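Visitor: Given chain A, put chains B and C in place with the hints provided.
Residue numbers (our numbering), protein chains in the order written: chain A, 1 to 378; chain B, 1001 to 1329; chain C, 2001 to 2300.
Calculated from the structure, these hints are not laboratory results.
Since this is a predicted model, take the numbers as computed values, not measurements.
Mixed in with the good hints, there may be bad ones.
Claimed, not checked - With a straight-line Cα cutoff of 30 Å, these simulated DSSO-like cross-link-like pairs (lysine-lysine) come out:
| # | chain 1 | residue 1 | chain 2 | residue 2 |
| --- | --- | --- | --- | --- |
| 1 | A | Lys64 | B | Lys1286 |
| 2 | A | Lys292 | A | Lys25 |
| 3 | A | Lys130 | B | Lys1081 |
| 4 | C | Lys2058 | A | Lys263 |
| 5 | C | Lys2169 | A | Lys296 |
| 6 | C | Lys2058 | A | Lys291 |
| 7 | A | Lys291 | A | Lys269 |
| 8 | A | Lys63 | B | Lys1286 |
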Amino acid sequence: MRKWIIFGLALSLSAGCAKRDDVIKIGEYGSLTGTTATFGVSTKNGIDMATEEINAAGGLLGKKIQVIVEDDRGLADEAASAVKKLVTQDKVVAVLGEVASSRSLAGAPICQENKIPMVTPSSTNPEVTKKGDYIFRICFIDPFQGEAMAKFAFENLKVKKAAILKDSKNDYSVGLAQYFAETFKGLGGQIVAEESYFEGDQDFKAQLTSIKGKKPEAIFIPGYYTEVGLIARQARELGLNIPLLGGDGWDSPKLTEIATLKKPGDALKDCYFSNHYAADDPNPVIQDFIKKYKAKYEEVPDAMAVLGYDAAHILYDAIKRAGSPEGAKIRDELAKTANFPGVAGQTTIDSARNARKPLVVLKIGEGGAYEYMATVNP
Amino acid sequence: MKRLAAFIGFFLLFLLANRFLPEIIDPYYLHLFTLSCINVILAVSLNLINGTTGQFSLGHAGFMAVGGYTSASLTFYLGPKIIATLDFLPAILAKNFVFLFALLGGGLSAAFLGLLVGIPSLRLRGDYLAIVTLGMGEIVRVLILNVEAIGGARGFSDIPAYTNLFWIISLTALTIAAVASLTASSHGRAFLSVREDEIAAEAMGVNTTYYKVIAFVIGAFFAGMAGCLFGHYLQLLHPNSFTFLKSFEIIIMIIVGGLGSIFGAVVAAVILTLLPEALRYLGPVKDWRMVIYSLALIILMITRPQGLFGNWTPDFRRWWPFRKPQPVA
Amino acid sequence: MQEFLQQLVNGVSWGSIYALIALGYTMVYGVLQLINFAHGDVFMLGAFFGFYFSRWTKIAQEPTLFGFFATLLFAMAACALVGVIIERAAYKPLRERPRLTALITAIGVSLLLENGGQLLFGVDPKFFPSLISETRLYESANLVISNLPVIILVVSLALMLLLRFIVMKTTIGKAMRATAFNREAAALMGINTNNVISFTFLLGSALAGAGGILVALTYPKIDPLMGLLPGLKAFVAAVLGGIGNIPGAVLGGMILGVSETMVAGYISSTLRDAIAFALLVVILLVKPTGLLGSRVGEKV
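Here chain A stands alone, though its shape is the one from the complex (with noise of 0.2 Å):
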């Protein structure tokens, strides 16, 4: 055991002497393993593929880029530990991460603090922000696609009642249940059942049975595809054939794939989630991206893979234009950032350095496959 600690003090010091100034270091924190690993790997293979654009185009003011990752578990304290690690022995010029907003509030005091900007591709805590003038976000905050969802609810499916299936342990799923909540009952529909599950549930009957007995017209479930496909099986076996509403968290393959009883997708034939891109929109920064992560990963990139991509971008956009790797002048350059064009729709960072962005809804067709309907700007 003692070994491995000499070793591993042997190496951090090879590594620190080893200097070398021909890289741009950016830091990377995620959940690479524990219960929500899937969405750090995604992003991780989003952020991967922006760097290696930008490496083969000849890399960022003369240098190539070098990514170093750091896993933290799922865990806010790791988190921190990693993100601590990235800005003081690594010497990263920025940060990106981390998918749930809870360890972003656990690294963004540290990136303050240092002065080294972060940005995070999907922490929607309007709180993450507010840590500081380092940090920023590039995908909805909760309140915006909680609106969106429920006006579209009222408005063009003409819903008046609607129960709500939320992750109680997901920051994500209680912010979004709560926004949609306030805007449905604001435009006079009525919310006759509020139930919750926990990520990593199997079964939702029990929820399920309930609120069918309260008879509403839609459910409003804001969790993540992992176990948005088993709750649309279950609702369906129970004879409960009404439409399924959600966020930008089902955005995966996987999730039709799941929800598949007797044809592919055909337990969320007829359901609408709110998404960043439509896969038939045919602007080509769309198009080209999908076709490329197809290629290099062999399967349809999810959400996190996406926003991954996109703050990648974002991020090495804004170094390109600072011209120089330092904290305050990249951080300059974020919050400058207007209209940029990226797969998850044409981004701006506002004055509280949040993204404002139009969102798409998207309904789930016959075979899975995914029909644009409208578009909402914030």
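Guide: Below, chains B and C alone, put in the same frame as chain A:
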């Protein structure tokens, strides 16, 4: 008099450490030092319940969570008011006064939960007690998820960063000293007798009920303070940090160190905090970090089942400056 | 009323999964007094063995009843092998040591299987092929019963009876009971206790493998950490029923499953786990050795 002098000496020493260490030591190592100290407090306090008294508890993360959340609520909601009324004091003193108050509040609330959990331990043995403590930890976590005032699923953020090196070092020293001297006292013999043979202990006139409950109360008190340090260090508390896996982690520490050995608990807590971090420097096989960690654990247990230090504890009292002269046997 | 019946069906079918996993826990505990925390992860391995086997043999593309049983048997055999390897490599060297040491090793094995699984199988969830397609046995407006929960219930009851038969009526079962009662005395009577213990692990792990397949059929999302929570809950169920007691494990699993479902359906789904655990604490306070567990008198 000597005792007072020693206390003042330590106090000044820790204050100096607080002032100058951050300037000498790399912030990353300082961070690891802080996390190690928090784990040392957790391990040493669990050792009193589990190692010395032999009550198998799987709920230490629950005590930590209750202490952390209580103290964070105190500093977050009451703290500003207290500082406002203490405006005649220098700001730094007022802040640390609030933190002391929060530490005690966190410790006492956890101790109260320890009392509640200690009571079933009168009736339950071994694995059944383990399950009840595990259940307690999960109940605490689910309840926290449901209270919006302390952040619920979003986590309690914006906790003031009151934890500093002074508090870290002094509380770690205090925990070790308190548990060590308790174990070495006649009360300590009573704890041990409960572990070794409850019926025999009862027959010899040891009030086993009292000692079992008191072990839980004291262990929980220190775990609560560790939770307070943890929250005010990260400035964030999240229910996911306090799952049963955290309790397992602490159990692993005390068994790797050698059940019942305070010295072992300290060393193992430090090693097991640093090991996953050291494994970050594995380079190409970095993905194997947690696999190597679990393999190391298995191999260690097989090759040294009694833990690193077995039952051995160096006689801390020998180094204690104000020790009473012992009669020569 | 129909809604209540539906919830009862939901609860019993979920409880039978707990029961299935709890059986393995309770057997190992009965013989070795070891909480085998890696049991939930062997259950996960079962699902993955089935996943890869059915894809490799192309059973996944054209499911047949024969294909289903072949997958089930393969997963059970592979898990049995893994179980025996774990026992021989990790637990056997510690047999004469304090129980807590073996417990930590069990946690280590569990971490190893989880982290190794994440490396080996990937971290993303996989879709388990529908080897048996879902059909409805009974259907009305508010009550639907489909075939899969019934299959799980029947299989876990059948396995329980089979286990009961093995433990009570066969020679090896007698040897298991003797080993559980007093290992040293059993060894002195000429029982090869090492083999008996290995056999117990073999049986328990095969059960976990079967559980993995059956759960994956109903909940076809499998990932390397899927054993974590069901494993813990099944352990709770085993203790609730009286750990070491085979009918107790099934009873405990059912009670846990039904009470979780009822709490989620009628009281509060957010407080589900808290209330389920509180119920457990209350039961243990009233009956400290579990529902069917018997108190062993302490020798003074």
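Visitor: Which numbered conditions among the earlier hints are violated in the structure presented, ordered from lowest to highest?
Guide: Hint check: 5 fails alone, others pass.
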